[in-house]
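A.B. asks: Going down the list, the protein sequences come from chains A and B. Numbering of the first sequence is given in the working numbering, commencing with residue 1 and proceeding in unit increments. Numbering of the second sequence is given in the working numbering, commencing with residue 1 and proceeding in unit increments.
Treat the hints as calculated values from the structure; they're not laboratory data. Take the hints with a grain of salt, since some may be wrong.
With a straight-line cut-off of 20 Å between C-alpha atoms, the simulated SDA-like cross-links for lysine to any residue are [unchecked claim]:
(1) A:154 with B:70
(2) B:41 with A:163
(3) A:222 with A:140
(4) B:41 with A:161
(5) A:154 with B:67
(6) B:155 with B:145
(7) B:41 with A:160
(8) A:154 with B:64
(9) B:10 with B:35
(10) A:217 with A:200
(11) A:53 with A:5
(12) A:77 with A:104
Spelled out from the first residue to the last, the chains are:
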Amino acid sequence: MVNMIIDGKNISAPKDTMLLAAIRGAGISVPTLCAHEAVSRSGSCRLCVVEIKKGNRSRIVTSCLYGVEEGLVVDTKSDRVLNVRRLVMELLLARCPESDVLQKMALEMGAEPQPRFVADTDKGKCILCRSCVRVCEEVVGVSAIGLFARGSQKTVGPPFHEQSDVCIGCGACVYVCPTGHIEMISTGEKRKIWGRRFKMQPCDKCGKFFAPVDQLKYISKKTGVPFEELSVCTDCR
Amino acid sequence: MSKVSDIKLKTKQIVKKHKGDKSALIAVLQDIQEAFNYLPKEALITVGDAMGIPTSRVYEVATFYNAFSLNPRGEHIVKICVGTACHVRGASAILDKFERTLFIKPGETNQDQKFSLELVNCVGACALGPVVVIDTEYHGQMTMAKVDKIIGKLKEGAQ
Ligand code: SF4
Ligand code: FES
Ligand code: FES
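Work out the full structure: start from the sequences and follow the hints.
C.D. replies: Below, the structure written as structure tokens:
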């Protein structure tokens with residue numbers, strides 16, 4: 001175990017954990033967008049910043065990527081921290097002015113759109129956190145999407161911005177996206193995501209459409225469970 | 001050398017040369033660009049299949065680096081340095097001159113596929129500014145007159 005002082009309290013956390021986990025474990029809240037529990041950390045939203053003191057030096061670090069250290073003194077709500085967080089939020093707001101998630105968070109931390117950061121109109125709600133790309137690679141295992149180009153041109157999607165032939169239509173990316181950028185339209189027997197239409201499988205017992213056929217085929221191939229056994233929805237199993 | 005099967009064949013040879021080593025992806029893409037002058041879509045897909053890297057990852061790398069082009073480029077690549085030193089020494093007038101002479105903007109290729117225009121930020125020859133790199137040749141202390149001369153020569157040579 002490693003002992004630290006977080007917001008004046010003595011906190012200990014297991015070695016090899018990240019500061020964010022230790023802070024949250026102590027019941028202290030920190031706003032985050034990109035630290036989804038289903039995927040590995042990318043440190044891209046920069047909202048999780050905290051101030052750490054070692055000796056008489058202090059600095060700002062992203063707590064989701066900073067490993068716990070013996071004797072660390074951490075301040076999660078100092079003026080400096082709140083200022084950095086507000087600035088980060090102002091920039092995120094300028095990128096995705098329509099995001100209701102960001103608007104709500106901004107309100108809570110007292111950040112407002114700044115005229116000096118000209119608002120984007122073509123970025124949708126995507127903050128480029130990479131959670132969707134990570135879940136597709138790390139959990140689903142098909143790597144159907146990526147973040148392409150760079151700088152202000154960077155966008156998320158399937159390669160060549162065309163329909164992906166490895167996507168299984170599972171919607172895991174929609175589930176992890178913190179801002180609701182990814183559009184998935186389901187109409188019972190069909191589902192559309194990333195520009196591609198998927199046929200849905202009706203449950204053998206109740207007839208309800210419950211998963212894309214391609215997803216079930218993929219699971220069947222991966223686990224060796226015959227397709228017929230998978231074509232029953234979880235409610236009827 | 002632009003038929004799909006040719007592209008695939010050549011790409012596979014290049015991957016083989018690098019022994020399919022995943023960490024050599026950038027080197028593989030550089031070799032492909034050297035072979036075709038750009039990165040054809042079929043080549044990117046073949047690279048992914050042959051190296052066991054998802055197409056999405058290959059496309060991420062291919063679109064990240066400025067050195068890679070996803071569109072066919074001209075026979076001659078004109079890179080105009082617009083770095084600080086060259087800018088101060090009049091790079092924008094040189095750029096303007098190239099644009100008007102070749103009828104293309106940076107990032108474009110002219111109609112007969114002879115020239116592509118690109119911008120770079122400092123090529124490490126600031127003392128020679130304004131610098132223009134054409135293919136692999138450095139041209140320092142560029143002037144309007146030099147632009148005409150160089151392009152004229154390249155057009156002749158390309159006949
Ligand atoms: S679409 Fe959502 S999850 Fe994917 S990078 Fe953008 S904000 Fe993150
Ligand atoms: S949660 Fe740490 S950078 Fe997003
Ligand atoms: S700025 Fe052009 S060579 Fe350095």
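A.B. asks: None of the hints should be skipped; say for each whether it holds.
C.D. replies: How the hints compare with the structure:
1. For the proposed pair residue 154 (chain A) and residue 70 (chain B), the alpha carbon gap of about 15 Å is at most 20 Å, so the pair holds.
2. With a C-alpha separation of about 14 Å, the suggested pairing of residue 41 (chain B) with residue 163 (chain A) holds against the 20 Å cut-off.
3. The suggested pairing of residue 222 (chain A) with residue 140 (chain A) holds, with an alpha-carbon distance near 11 Å, which does not exceed 20 Å.
4. At roughly 12 Å between alpha-carbon atoms, residue 41 (chain B) and residue 161 (chain A) fall within 20 Å of each other, so this suggested pair holds.
5. Restraint check for residue 154 (chain A) and residue 67 (chain B): satisfied, since their Cα atoms lie roughly 16 Å apart, inside the 20 Å limit.
6. Under the criterion of a C-alpha separation no larger than 20 Å, the hint pairing residue 155 (chain B) with residue 145 (chain B) is consistent with the structure, at around 16 Å.
7. For the hint linking residue 41 (chain B) to residue 160 (chain A), the alpha-carbon distance of about 8 Å falls within 20 Å, and the restraint holds.
8. Between residue 154 (chain A) and residue 64 (chain B), the direct Cα distance comes to roughly 9 Å. Compliance with the 20 Å bound is thereby established for this hinted pair.
9. About 8 Å separates the Cα atoms of residue 10 (chain B) and residue 35 (chain B), which keeps this hinted pair within 20 Å; it holds.
10. Annotation: proposed proximity of residue 217 (chain A) to residue 200 (chain A) holds, straight-line Cα distance about 12 Å (limit 20 Å).
11. Restraint check for residue 53 (chain A) and residue 5 (chain A): satisfied, since their Cα atoms lie roughly 10 Å apart, inside the 20 Å limit.
12. A threshold of 20 Å between alpha carbons decides the hint, and for residue 77 (chain A) with residue 104 (chain A) the separation of about 19 Å falls inside it, so the pair holds.
Every hint from the earlier list agrees with this structure, and none is contradicted.
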